[in-house]
Structure formats: structure tokens, C-alpha cells
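Engineer: Take a look at the letters that make up each chain.
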Amino acid sequence: MLALISKLVLFLTLSTGLIKFKYLKTWHEKIFLVYLLFVFINEIIVRFKLRNENFTFYVNYNLYDILTFSFFIFWIYKMVTYKKAVLFAGLLYFACLCFSLYKESFFNGFLNVNVFTGTIIILILVVVYYIDLLKSRLAINFLSLPEFWVVTGLLVFNIGYLPILILIHANIETAIDTNMEMFILNLLLYGSFIKAFLCYKPQN
Amino acid sequence: MLQTTELNIMLITSVFIILGIIMALVILFSVFMSKKNTLIQEQLETKLANQKRQYELQLNALRAQMNPHFVHNSLNAIQYYIQLNDVEKSEDYLAQFSKLMRLFFEYSRKQHISLENEIHSLKSYLEIEKLRFEDKFDFQFQIDSDLDTQDLFLPPMILQPLVENAINHGIFHNQTRGQLWINFKLTEAQNFQIEIIDNGIGINAARKRFKSKLEQHTEHSGYVLEERLGLLKESNSWHIDFTILDRQETENTNGTKVILTFFTEKTLSHDH
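Chains as they are written, first to last, in numbering that gives the first Met the number 0: chain A, 0 to 203; chain B, 0 to 271.
Since the hints were made in silico from the structure, they are not lab data. Check each hint, because a few of them may be wrong.
Below, a list of computed lysine-lysine pairs in the DSSO-like style, where the Cα atoms sit at most 30 Å apart [unchecked claim]:
(1) B:122 x A:134
(2) B:122 x B:109
(3) A:6 x A:21
(4) B:34 x A:77
(5) A:24 x B:184
(6) B:122 x A:200
(7) B:129 x B:51
(8) A:134 x A:48
(9) A:134 x A:83
(10) A:200 x A:48
(11) B:34 x A:200
(12) B:51 x A:19
(13) A:134 x A:29
(14) B:35 x A:134
(15) A:134 x B:46
(16) A:6 x A:83
(17) A:200 x A:82
(18) B:46 x B:35
(19) B:34 x A:82
(20) B:109 x A:24
(21) A:24 x A:102
(22) A:82 x A:194
(23) B:35 x A:29
(24) B:129 x A:83
(25) B:35 x A:77
With the Cβ distance kept under 10 Å, some of the chain A side facing chain B (calculated, not the full set) [said to hold, decoys possible]:
(26) 58
(27) 62
(28) 76
(29) 78
(30) 80
(31) 82
(32) 86
(33) 90
(34) 132
(35) 133
(36) 160
(37) 162
(38) 168
(39) 183
(40) 201
The model shown is predicted, which means the values in this text are computed figures rather than measured ones. The C-beta atom is built at its ideal place from N, Cα and C for all residues, glycine as well.
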């Protein structure tokens, strides 16, 4: 039930983006919508494939994680003036991804190193974005900046996701059900994205 | 037992996540709101400083209009007619002079004046200047018939310093009879252009000839005017392009041509 609602919210986010498409002017605004479309399609594929008992969704989710981290690193790189810092973070992520692919199985398990480092790097880049924004005069209208809301969504999601990751991988002899937490974090993330799309208004 | 442990862990994690998110958001929005307030404060301070500078420049322009030389020479010229016992002429000039002084003060208080009023005050000013320079020059106003001089506006005290420069530093040093043309043209929609053309020695020659003097006066008044135009543009109230040309370079004849182009996005409906 929670998964279904989560997908509905994702669909609502994508729809809002499509409705506002005519107001998206720059390349990085449009590519964000393409990314959401990819996320949505990936979720649908996983949902249909899950009916098949032999299917494992590791490939989908590993691919999803790699693309998501890479996309947001690139997206923030395009956005900020501290290009070198983001580039360094990008290279660091790439190194960790290579390590993860070498040490862990892409087809039969989650790329945990990739997810951990990706989450931490995104959190650092979020701070980089905020520092960059605070130094620009755009900060005067920060509430009407779509990028601010997207990045805030990333901040909220990753702050919540990091303890869950730690908990899942901690040496606890109990099965942890984090569905409710993940559901709330997804709601907050997509809520921020919707708010970001709503910032696009016709220019007078 | 296992279930209780699991519940406890989940509860602690959830509380930890919620607190983390709330704390992050509180810090984030506090920092950004504080930055926003600082920027607004800075913006207001800049606006106030610009306004103050604008008033200072306006006052400078008024001082330039009320140039002691101009007042002294004008009164001397009137005195000359009194001494000649030409009562009618001296009365005429005295009335014109007092009217001009009144206009200077009246317009200096306004944000903008109509083209009609500007033309009227310039004519009065030029009549006095003619008297002062013993009729050594002529002036001519050419106004486009399409130009609605009552409904088009410009900031006060913009043209007079330029006309004064044309006479004092251009025409005055010329051997031949001076000629001054002031043209008002409608360019497009509500935009218009004003040209102040003289047949004086030209801006380049004037700069060379009176280098030290010009640096103190003409350069300064030109700078003041440009700064005023810049501040007016910054305050979003006016957009005026200012060009000064030596006619020797462009038309192969003596003189200086000053072009002011007024871009009026918003039509100002009345004098403040």
C-alpha cells in the first residue's frame, strides 16, 4: 500500500513537471524532468518484474542508485560556481563506485559502498550548493528558486536515509522494517520536487 | 522479546531521523532568512545612498545653473541698459531674469518636467545669455511636429548645463557669429532624442585650449551629468543615452554635437 502511494506521488511529481514543461528554460531544468521520467519508468519495470518469482531487482536498483548519484553530482556541478569542489567529489564518487563494483556484486546484491559514499557525497554537495547560494544575490529570493527546493529535498531525504543505511548494515540480529521511514522520506523528497516545479511561473 | 528490541531500534531511529531533519531545516531556513534580511537591508541602503547622491547631484546642477558668473554678468548687462536709460529693455530683461530664477528653483524640486516646460525655461535662459554675450550668437529650436511636448517628460536640469557649455566653451571662443541649434526629435513610440549642436570651436579644441580650466569645469560638469544619468538609470526611473561628438570628426565642420536619447518605458503622466 505504502509502495503504491509512493509511486502515485512520484507520478504526481512527474505530471507537475510535465505541466510546467513550457516554463522550463534551461538545459539543466529540462534534464531534471528526464531524470524523473527515468525514475518513474524504473519503478514501473520493477513493479511488473516483481511478479516473476525468479526476478531479482538488484540490477534495477543498483543502476538507479548509480544514475541518481551521478545525475545529482552533475546537476549540482552545473549549478554552482565551486566547480573544482564538485569535480573532486565526482571523482571521489567514481573511485568509490569502481571499488564497490569490484568488491560487491552488481547482479546479486546491493552496491552498499556506492550507496554509502553516494549519500555522503550528495549531502556534502548540498552544503556546497547552499554556501554558493548564500554568496550570491539570488539568496534574496531563495524561496522562489526551484533549485533550492530540489536541493532541500535531497538534504531531507539523505539526512533521513543515512541513519537507515547505518541501521540496516549494523550488526543487529533482527530484521528491520524501514518501509514507513522510507515512505515518509520519499514523500518529503517528491514534495520538495513538486514545490520546485511550482516555482516556475510565466514571466511577465 | 525480539519484537520489542526491533520496535525500540525503529523508534530510536525514527526519532533520530525526525530530529535530524527538523534541526537541518531549522538551521537552513534561519540562515537563509537571515541572509535574505541582510540583502534586503543592503539593497535599501544602496537605494538610499543612490537617492542621496541623486539629490546631491541635483543640488550641484542647481548650483551650476545659479553660476555666480551667470548671475553677475546678467545683472551687469541689465545694469548697462539702466545706465543707457533704456527703461523698457532693462525692465524686460529684469523680468525675464527673475522669471528664470523662479523656474530654476521650481523645477529643481521636481522629479521630472514636461518637454514644453523645459523648452520654455531654456528659451528664457538663452535670451538672458544672449544679452550677456551682447547678442553674439543666435539660437534655434527645432521641434518635431509629432512630438507631444506636454505629455513627454525629462528630469529637470539636464539640458541647461549642456547648453551653457556650448555657449561658454564653444561659441564664446569662436571668431564667427555663434549659432546654436536645439533639436527635439521623436524616435519611436514614446522615445525621443534631443540634440544640442553648436558651431563653436569643438570639444577637442576646447579641451586642448583650456585644458586646466576645462578639467575643473567642463570635465566636472560632464562627469556630474553622466553620474546623474547613471543614477537615474539605476533607480529604474530613466534610461538616457548620452553622446558627445566633435563635429570636425563627423561632419567636417566646426562645433560640438551632444545627443541625448530618452527611453521612456513608462509614460509619466504629470509633474510631481
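Engineer: Please go over all the hints and tell whether each is borne out by the structure.
Structural biologist: Verification of the supplied hints:
no.: 1; hint: B:122 x A:134; result: violated, 53 Å
no.: 2; hint: B:122 x B:109; result: holds, 19 Å
no.: 3; hint: A:6 x A:21; result: holds, 24 Å
no.: 4; hint: B:34 x A:77; result: holds, 23 Å
no.: 5; hint: A:24 x B:184; result: violated, 39 Å
no.: 6; hint: B:122 x A:200; result: violated, 51 Å
no.: 7; hint: B:129 x B:51; result: violated, 35 Å
no.: 8; hint: A:134 x A:48; result: violated, 47 Å
no.: 9; hint: A:134 x A:83; result: holds, 17 Å
no.: 10; hint: A:200 x A:48; result: violated, 39 Å
no.: 11; hint: B:34 x A:200; result: holds, 24 Å
no.: 12; hint: B:51 x A:19; result: violated, 43 Å
no.: 13; hint: A:134 x A:29; result: holds, 25 Å
no.: 14; hint: B:35 x A:134; result: holds, 11 Å
no.: 15; hint: A:134 x B:46; result: holds, 20 Å
no.: 16; hint: A:6 x A:83; result: violated, 36 Å
no.: 17; hint: A:200 x A:82; result: holds, 29 Å
no.: 18; hint: B:46 x B:35; result: holds, 16 Å
no.: 19; hint: B:34 x A:82; result: holds, 23 Å
no.: 20; hint: B:109 x A:24; result: violated, 42 Å
no.: 21; hint: A:24 x A:102; result: violated, 42 Å
no.: 22; hint: A:82 x A:194; result: holds, 26 Å
no.: 23; hint: B:35 x A:29; result: holds, 28 Å
no.: 24; hint: B:129 x A:83; result: violated, 68 Å
no.: 25; hint: B:35 x A:77; result: holds, 24 Å
no.: 26; hint: 58; result: violated, 28 Å
no.: 27; hint: 62; result: violated, 26 Å
no.: 28; hint: 76; result: violated, 21 Å
no.: 29; hint: 78; result: violated, 16 Å
no.: 30; hint: 80; result: violated, 16 Å
no.: 31; hint: 82; result: violated, 22 Å
no.: 32; hint: 86; result: violated, 25 Å
no.: 33; hint: 90; result: violated, 26 Å
no.: 34; hint: 132; result: holds, 8 Å
no.: 35; hint: 133; result: holds, 5 Å
no.: 36; hint: 160; result: holds, 9 Å
no.: 37; hint: 162; result: holds, 5 Å
no.: 38; hint: 168; result: violated, 13 Å
no.: 39; hint: 183; result: holds, 8 Å
no.: 40; hint: 201; result: violated, 20 Å
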